[in-house]
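**Student:** Let the hints inform the model, and build the full structure from the sequences given.
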Amino acid sequence: MLEVADIEAARDRIMSVVRRTPMQRSPTFSSMTGADIHLKLENTQRTGAFKIRGATNRIATLSADEQAAGVVTASAGNHAQGVALAASRAGVDATIVMPEQAPVSKIEATERYGGDTVLQGTDYDEAQAYAHQLAEESRQTYVHAFDDKAVMAGQGTIGLEIIEDCPDVETVVVPIGGGGLIAGIATAVTAHNPDIRVIGVQAEGAASARKSLASGSIHKLETVNTIADGIATRRIGDRPFAVIDDRVDDVVTVTDDEIAVAVTYILERSKTLVEGAGAVAMAAVLADAFDYSNDETIVPALCGGNIDMNRLTTVLIRGLVETGRYLRIRTVLEDYPGALEELVAILADYQANIYAIQHDRTSRTVEMNEADVEIDLETRGHDHIDTILSALRESGYTVEVLV
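Counting from 1, one number per residue, gives the positions in the sequence shown under this note's numbering.
Just so you know, these hints were derived from the structure itself, not from any lab. These numbers come from a predicted model, not from an experiment. Watch out, some of these pointers could steer you wrong.
[To be verified] Quick list of simulated restraints, FRET-style, between CB atoms:
#1 Gly-338 <-> Glu-400: 19 to 25 Å
#2 Thr-398 <-> Asp-250: 21 to 27 Å
#3 Asp-245 <-> Glu-378: 42 to 48 Å
#4 Gly-91 <-> Leu-402: 53 to 59 Å
#5 Thr-323 <-> Arg-112: 31 to 37 Å
#6 Arg-20 <-> Arg-139: 33 to 39 Å
[Unchecked claim] Cross-link-like lysine to any residue pairs, in silico, SDA-like; alpha carbons within 20 Å at most:
#7 Lys-271 <-> Lys-211
#8 Lys-220 <-> Ala-242
#9 Lys-271 <-> Thr-313
#10 Lys-271 <-> Asp-125
#11 Lys-271 <-> Thr-323
#12 Lys-271 <-> Gln-24
#13 Lys-220 <-> Asp-147
#14 Lys-271 <-> Leu-320
#15 Lys-211 <-> Leu-221
#16 Lys-211 <-> Asp-250
#17 Lys-220 <-> Glu-204
#18 Lys-220 <-> Asp-125
Every residue gets a Cβ at the ideal spot worked out from N, C-alpha and C, and that includes glycine.
**Tutor:** Below, the structure written as structure tokens:
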């Protein structure tokens with residue numbers, strides 16, 4: 001079982017490579033939730049995520065012969081970058097197997113840090129199977145992303161920093177993919193104070209840990225589906241499972257829509273960019289996925305900020321839709337001069353700002369004397385949307401809400 005002494009030893013090994021990340025109290029999120037929210041900004045870590053901690057510690061524990069042979073790993077992106085940089089700093093060759101659909105930004109970053117990337121498989125688990133095959137064939141050390149005591153200990157150094165920077169913390173909220181991060185953090189904070197509550201958070205579409213804890217044995221999912229690609233694993237690790245079962249108070253889930261809202265709010269209110277996996281802890285707080293009291297001191301761990309820019313656009317639009325600040329509608333107009341102007345005038349009267357209009361007189365879904373119209377609008381909340389839709393319908397328009 002992982003112990004706090006392992007984590008303290010890990011900190012000594014990694015401190016020359018790993019950045020101590022800041023803790024920031026958020027007046028905005030504290031006001032929104034009623035709790036006392038302190039954000040652990042691990043998204044500002046080198047490589048943009050916490051994975052550099054565990055990777056550096058694991059590579060530091062390799063023998064001279066193992067370092068000379070090199071390492072192999074599999075990752076959806078963040079562990080890849082962590083291993084690539086840690087190995088490069090130690091003068092160790094690293095082969096990184098990534099899923100074929102891994103974000104381009106993460107693939108390119110891994111290569112810039114010195115990793116030799118191989119794309120294989122549809123998800124992390126298929127990439128991992130191929131990486132194990134490569135490691136066996138090449139007799140290189142496989143550096144597991146989470147099911148490794150040294151990796152877990154490295155990730156647990158975040159817990160030491162949380163205790164030092166927020167000694168009054170009552171609840172720590174941590175993302176769960178394979179479980180290495182929460183195993184390390186839970187070990188560190190509960191060793192300091194057994195009364196500190198540790199809440200794990202998974203994406204609803206990748207909730208292996210929650211199902212495993214409910215059944216008492218590790219449950220492997222057939223597939224995963226979530227925008228939080230950094231925690232999109234089919235199963236948690238054996239070693240993390242034992243620690244989670246012993247030291248984590250509860251595991252909850254959040255939807256992709258709730259994750260998108262959290263990404264949007266964190267960027268807008270805290271001026272901080274996080275990826276989907278990095279937002280799930282705050283998403284759980286905002287969505288009341290677990291019970292907490294007024295003024296309870298809560299530390300959500302924002303574990304990564306490596307979001308692909310194309311994905312970010314999609315996530316932000318979804319976040320704006322969910323918070324009532326973006327609306328796309330469709331209607332049909334009679335095809336005569338001024339018909340579109342009349343529609344736009346109603347939108348202007350209700351202060352809906354137009355992003356884009358698509359006006360199609362040739363659509364085969366309408367009559368020849370009609371025009372199909374789609375409009376993207378900036379709105380000011382769900383009440384504003386309801387007012388706009390009511391006004392349009394009262395004026396005789398048949399309106400379909402697209403997003």
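**Student:** All hints, please: hold or fail.
**Tutor:** Going down the list of hints, with the structure as the test:
no.: 1; hint: Gly-338 <-> Glu-400: 19 to 25 Å; verdict: holds, 23 Å
no.: 2; hint: Thr-398 <-> Asp-250: 21 to 27 Å; verdict: violated, 46 Å
no.: 3; hint: Asp-245 <-> Glu-378: 42 to 48 Å; verdict: holds, 47 Å
no.: 4; hint: Gly-91 <-> Leu-402: 53 to 59 Å; verdict: holds, 54 Å
no.: 5; hint: Thr-323 <-> Arg-112: 31 to 37 Å; verdict: holds, 35 Å
no.: 6; hint: Arg-20 <-> Arg-139: 33 to 39 Å; verdict: holds, 36 Å
no.: 7; hint: Lys-271 <-> Lys-211; verdict: violated, 35 Å
no.: 8; hint: Lys-220 <-> Ala-242; verdict: holds, 16 Å
no.: 9; hint: Lys-271 <-> Thr-313; verdict: holds, 16 Å
no.: 10; hint: Lys-271 <-> Asp-125; verdict: violated, 34 Å
no.: 11; hint: Lys-271 <-> Thr-323; verdict: holds, 18 Å
no.: 12; hint: Lys-271 <-> Gln-24; verdict: holds, 12 Å
no.: 13; hint: Lys-220 <-> Asp-147; verdict: holds, 14 Å
no.: 14; hint: Lys-271 <-> Leu-320; verdict: holds, 16 Å
no.: 15; hint: Lys-211 <-> Leu-221; verdict: holds, 9 Å
no.: 16; hint: Lys-211 <-> Asp-250; verdict: holds, 12 Å
no.: 17; hint: Lys-220 <-> Glu-204; verdict: holds, 14 Å
no.: 18; hint: Lys-220 <-> Asp-125; verdict: holds, 10 Å
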